[in-house]
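Novice: Residues per chain, in single letters:
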Amino acid sequence: MKFTCSQNNFLEAVLTVQKAVSARSSTPLLEGILLETQKDVLKLVGTNLDLGIETYIEADIREEGSVVIPSRLLSEIIRKLPDAEIEVTLLGNYSVKIVCLNSLVTLQGFAPDEYPSLPDISESEPIEISKMLLAKMIRETIFAVATDESRPVLTGSLLEVEDGEVTMVSLDGYRLALQKGRIESSAGHRKVIIPGKSLGEIGRIIDGSDDNISITISDRHVLFDLGYTRIISRVLEGEFINYRQIIPEDYRTRVKVDTKILTSSIERASLIAREGKNNLIKLNLQDQKMTITANSESGQVYEEIPVLLEGKDLEIAFNARYFMDMLKAIPDQEICMDLTTNVSPCVIRPIKGSDYTYLLLPVRIFG
Amino acid sequence: MAVIRKLDNRTVNQIAAGEVVERPASIVKELVENSIDAGASAITVEIEQGGVSLIRVTDNGIGMDRDDAEMSFHRHATSKISDADDLDRINSLGFRGEALASIAAVTQLEMITRQPEAVSGWHIINHGGQIIDISETGCPEGTTVLVRNLFYNTPARLKFLKSSRSEAAAVSDLLAKLILANPSVSIKYISNGSTVYHSPGNGRLLSAIISVYGKNIKSDLIPVETHQENGLTVSGFIGKPALYRSNRTHQSFYVNSRYVRSPLLSQCIEEAVKEQTMINRFPWCVIKIALPAAEVDVNVHPSKTEIRFRNPAAVSGFLSAAIKKAVMAAPYVPAVFHTSSSDHKHHHKEQKAVNVNVDKQNEYPPKSENESNRKAIQEEMLPKYGMKNEEGDHTINVSDFMKLNIIGTAFSTFILAESDTELYIIDQHAAHERLIYEQLKKSIMKQEVVSQQLLPPFILEVTHDEFIAVTDNMESFLTVGFEIEPFGGKSFLIRGIPVILKEANISEIFHELLDRTDSRTGQAKLLLQDEDIIKVSCKKAVKAHDRLSQQEIRSLLKDMDEKRIPLTCPHGRPILISMSKYELEKKFKRIQ
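Protein sequences, first through last, are from chains Z and P.
Residue 1 is where the first sequence starts when you use our numbering, and the numbers rise one by one after that.
Residue 1 is where the second sequence starts when you use our numbering, and the numbers rise one by one after that.
In case anyone wonders, no lab produced these hints; they're calculated from the structure.
Hints may contain errors.
Said to hold, decoys possible - The list that follows gives simulated cross-link-like pairs (lysine-lysine, DSS-like), each with its CA atoms no further than 30 Å apart:
#1 P/K325 / P/K558
#2 P/K539 / Z/K282
#3 Z/K312 / Z/K260
#4 P/K543 / Z/K282
#5 P/K558 / P/K540
#6 P/K446 / P/K543
#7 P/K587 / P/K442
#8 P/K543 / Z/K277
#9 Z/K277 / P/K403
#10 P/K177 / P/K80
#11 P/K563 / P/K543
#12 Z/K328 / Z/K289
#13 P/K274 / P/K539
#14 P/K535 / Z/K197
#15 P/K6 / P/K80
#16 P/K442 / Z/K282
#17 Z/K277 / P/K6
#18 P/K535 / Z/K277
#19 Z/K282 / P/K535
#20 Z/K277 / P/K177
#21 Z/K277 / P/K539
#22 P/K587 / P/K403
#23 Z/K277 / P/K274
#24 Z/K277 / P/K446
#25 Z/K282 / P/K441
#26 Z/K352 / Z/K256
#27 Z/K277 / P/K324
#28 P/K403 / Z/K282
#29 Z/K352 / Z/K191
#30 P/K540 / P/K441
#31 Z/K277 / P/K441
#32 P/K325 / P/K274
#33 P/K563 / Z/K277
As the list claims (entries may be wrong) - Non-contacting residues of chain Z with respect to chain P, defined by C-beta distances greater than 10 Å in every case (computed):
#34 D148
#35 Y228
#36 I305
#37 L308
#38 T357
Note that beta-carbon positions come from the ideal geometry of N, C-alpha and C, so glycine has one too.
Work out the full structure: start from the sequences and follow the hints.
Specialist: What follows is the structure, given as structure tokens:
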């Protein structure tokens, strides 16, 4: 195997597929990236068996061949090389010579024969969605994915497509984040639970351009096809929680509040609340204003925000972090909070549009 | 033809003997317990070759008349109880009426006994369960039992005995326990002609401990003493961390003067001193629990080392409070040149065989162990063990740190400070860590209970035992922030979890909590939180190699004074060690 390509392209490709490579694996092979020449392009593959990424870059192929190179080392070396033409040559015994201007590095690689091949997914009835929309959906819901393994389906996000509407939902038992979008697709009802880890990597790979990305769902995998890059993730088996049932329709208290003001108030309150280990903020809704208080051994905070309040007065407490996760993720200027009692869920939506829903469970204070 | 037939008496006895007589130590146990039950104030135990060839137990108890002495060899013949109802009121050590019959069945036994008021005593010879000879004889009051040739008629069992050395060790171990259990009985133990233990029998547990562990142990003991109105009493000693061992062999528990093995009690002690115990170390203790006979069932197993409490929660709660109180009252400062060695071998050599009494076939024990002599023994022993000698006690009064003269720090890690007689070396990190830990713990205790609501609620499937445990402790789970309700079958709905748990695995944490919930006291403890606090305090504390100014050292010592912290860091390592001026002078040969 022998090829040349630009340092820039090569680095970008390596960094892309590296996202699927595990930092530590009992199989050294899985800590590597597969390089494989295909006619006039170079294919790079990284996988941890849950997530697989393959990408193609233009290269001047002199000799056909393939090899697996340790991923971390390869990316660090390529990153440090000057922005110039890189020549990669496979020597005997799977060592690889990398030449760039006056630098020459030889890396010990592995035989490619046992490198796992990515599952074959035939792209039938793909769902077409703009990269921008997908990126937004991921960004605004992924923080609500459960991190503990006690309910495995919750460690992923549900992606559901129906009647030209696509929905992504994450929920971890403390809050739920839901983002809807419209797509031009005639495909029927389809749903899949994508592991949060895979989704995070996908979010990092796709850029915010208007280009489309096609998603194909099979029984056990989901494929994101970005053209030159294909991302294949295992899906989580099981039934996702019926999120529609969870979101209450009614409310007794409705508050409209400016996102920025609320964010900085909660941030200040959180500085004190954090000291108290439980990061608790108390909201008091009364007289067209919201007061936020927090106290710990270190001190107290009192914040007052003018709001539009309809319905009953209410006092309720939240984990400040869960509130902030959402406020940081959404771009909207004003939000609307629907509340019922101080132990029932609070539903937060941007004032404009009803595409985003965040449901937050309060903290109950005894005695 | 009848296949099933009744076994003859001899066979029955040999089978039953298997349960009671396992090895020489079990014979010694039964005989000494009989002596104690007979009201003896002095008992001498002599063994040869680990007790296989000879065991002689002599007491000055009430003795028996001819009929009783004969009757005592019958199975289930006992003077200690008369009907099943008496089982609830057992105050004697024995009661099953099996011991003597079983021992006699597998040995060649002689008994010489005289009641105090009788003119003469009786000498009974019993071989393999058959009384061979009964004769009237002159002898001291009390009872002497000689057991020879153990398992002479059951060679198969003889083979299973260990070397005479290890059999003797088992007897020593047993007698140590009996001495500790009966401080008011003077017990003398002679093995192959040399005296191993000789307790004064002055009724003081400390004397008994010293006669087993040697006098040096004294400075490492913390007395435990608490009474409760309903007749429950805990007394005894718990060792300072210097005595902690890598196993539980040195935990002795006595319930109503009976040695018992009890995981419940061990656990209770370990929990109480957890914060000053290093990993894989177990506290040393001699703890006596006295409670009304009806509150405890000793008739669980023939060996009677297993017992059941009627109300385990009360006992363990009480014990643990008593231990905590005792430990808090006696802060521990390990000494650098600590001379304490508590192993008894060392002690053996110290004590010369005072009263060598080698057995000769028909020689009756000399009249040395009776009342008049006993006092003399006590008096002779007391000063010898230095009971009133307070030297070597390195406890510091907790509120005295400020009075220490700060010399400086060594290696930017250890604070050196002196009093008139002691040099203290304080680990700045450990001390600060403990202070922060105590403070955090206090502030968390004060915090209101808050519970993060869950949606959907977490459904927890549990086993039947767990279901009962959870149902019984619903309230207590709520006090830490778990909102639980039954959800049909053996499952629960968890609607809220303690906020501090963050995103940890709910079922794992809940099960852990369940395991740690004291089924006895029903007190759910969020120990997870504890580990968290330790971590935080460790991070917050000044580190080794952080240079502290005089002012910082002063304020650290001042805090140590004011907060009265336990003198170990939350991981169980000591905060300070001491070196006495005397020891230093000795090291430099200023004094010899």
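Novice: Each of the hints needs a verdict: does it hold here or not?
Specialist: So, going through the hints one by one against the coordinates:
Restraint check: the Cα-Cα separation between P/K325 and P/K558 comes to about 23 Å, which is no more than 30 Å; the hinted pair holds. With a CA separation close to 29 Å, the supplied pair P/K539 and Z/K282 stays within the 30 Å bound. Taken as a hint, the Z/K312 and Z/K260 pair is honoured in the structure, with Cα atoms around 24 Å apart against an allowance of 30 Å. Taking the CA atoms of P/K543 and Z/K282, the gap is near 36 Å; set against the 30 Å cutoff, the hint is violated.
With a C-alpha separation of about 18 Å, the suggested pair P/K558 and P/K540 falls inside the 30 Å cut-off, and the hint holds. Taken as a hint, the P/K446 and P/K543 pair is honoured in the structure, with Cα atoms around 28 Å apart against an allowance of 30 Å. With a CA separation close to 43 Å, the supplied pair P/K587 and P/K442 exceeds the 30 Å bound. The hinted pair formed by P/K543 and Z/K277 meets the criterion: a straight-line CA distance of about 23 Å does not exceed 30 Å.
As the CA atoms of Z/K277 and P/K403 are separated by approximately 36 Å, the hinted pair breaks the 30 Å bound. Note on P/K177 and P/K80: the hinted pairing holds, with a Cα-Cα distance of about 22 Å set against a maximum of 30 Å. With a C-alpha separation of about 20 Å, the suggested pairing of P/K563 with P/K543 holds against the 30 Å cut-off. Of the supplied pair hints, the one linking Z/K328 and Z/K289 holds, its CA atoms being roughly 22 Å apart against a limit of 30 Å.
Distance check on the hinted pair: P/K274 and P/K539 sit about 21 Å apart at the alpha-carbon level, within 30 Å; holds. Taking the CA atoms of P/K535 and Z/K197, the gap is near 28 Å; set against the 30 Å cutoff, the hint holds. Restraint check for P/K6 and P/K80: the C-alpha separation of about 28 Å stays at or below 30 Å, so the hint holds. This hinted pair checks out: P/K442 and Z/K282 have alpha carbons roughly 23 Å apart, not beyond 30 Å.
Restraint check for Z/K277 and P/K6: not satisfied, since their Cα atoms lie roughly 73 Å apart, outside the 30 Å limit. For a cut-off of 30 Å, the pair hint linking P/K535 to Z/K277 stands: about 13 Å separates their Cα positions. For the given pair, Z/K282 sits about 28 Å from P/K535 by alpha-carbon distance, which is consistent with the 30 Å threshold. For the suggested pair Z/K277 and P/K177, the alpha carbons sit about 49 Å apart, so the restraint of at most 30 Å is broken.
Restraint check: the Cα-Cα separation between Z/K277 and P/K539 comes to about 15 Å, which is no more than 30 Å; the hinted pair holds. Proximity of P/K587 to P/K403 is assessed by CA-CA distance (about 26 Å); at most 30 Å being required, the pair is judged to hold. Distance restraint check for Z/K277 and P/K274: the Cα-Cα separation of roughly 24 Å lies within the 30 Å cut-off, and the hinted pair is therefore satisfied. For the hint linking Z/K277 to P/K446, the alpha-carbon distance of about 12 Å falls within 30 Å, and the restraint holds.
This hinted pair checks out: Z/K282 and P/K441 have alpha carbons roughly 23 Å apart, not beyond 30 Å. The suggested pairing of Z/K352 with Z/K256 holds, with an alpha-carbon distance near 11 Å, which does not exceed 30 Å. A C-alpha spacing of about 28 Å is found between Z/K277 and P/K324, which places the hinted pair at or below 30 Å, so the restraint holds. For the suggested pair P/K403 and Z/K282, the alpha carbons sit about 46 Å apart, so the restraint of at most 30 Å is broken.
Between Z/K352 and Z/K191 the alpha-carbon distance is near 27 Å, which keeps this suggested pair within the 30 Å criterion. Restraint check for P/K540 and P/K441: satisfied, since their Cα atoms lie roughly 14 Å apart, inside the 30 Å limit. Annotation: proposed proximity of Z/K277 to P/K441 holds, straight-line Cα distance about 11 Å (limit 30 Å). For a cut-off of 30 Å, the pair hint linking P/K325 to P/K274 stands: about 14 Å separates their Cα positions.
Of the supplied pair hints, the one linking P/K563 and Z/K277 holds, its CA atoms being roughly 22 Å apart against a limit of 30 Å. The claim that Z/D148 lies off the interface is violated: its Cβ sits roughly 4 Å from the closest Cβ of chain P, which falls inside the 10 Å cut-off. Distance check for Z/Y228 against chain P: the nearest CB is about 36 Å away, which clears 10 Å, and the non-interface claim stands. In this structure Z/I305 is separated from chain P by more than 10 Å, as the shortest Cβ-Cβ distance comes to about 23 Å.
No Cβ of chain P comes within 10 Å of the Cβ of Z/L308; the nearest lies about 26 Å off, and the non-interface call holds. Chain P leaves Z/T357 outside its interface by the beta-carbon criterion, the shortest separation being 13 Å against a cut-off of 10 Å.
Hint violations for this structure: numbers 4, 7, 9, 17, 20, 28 and 34, all remaining hints satisfied.
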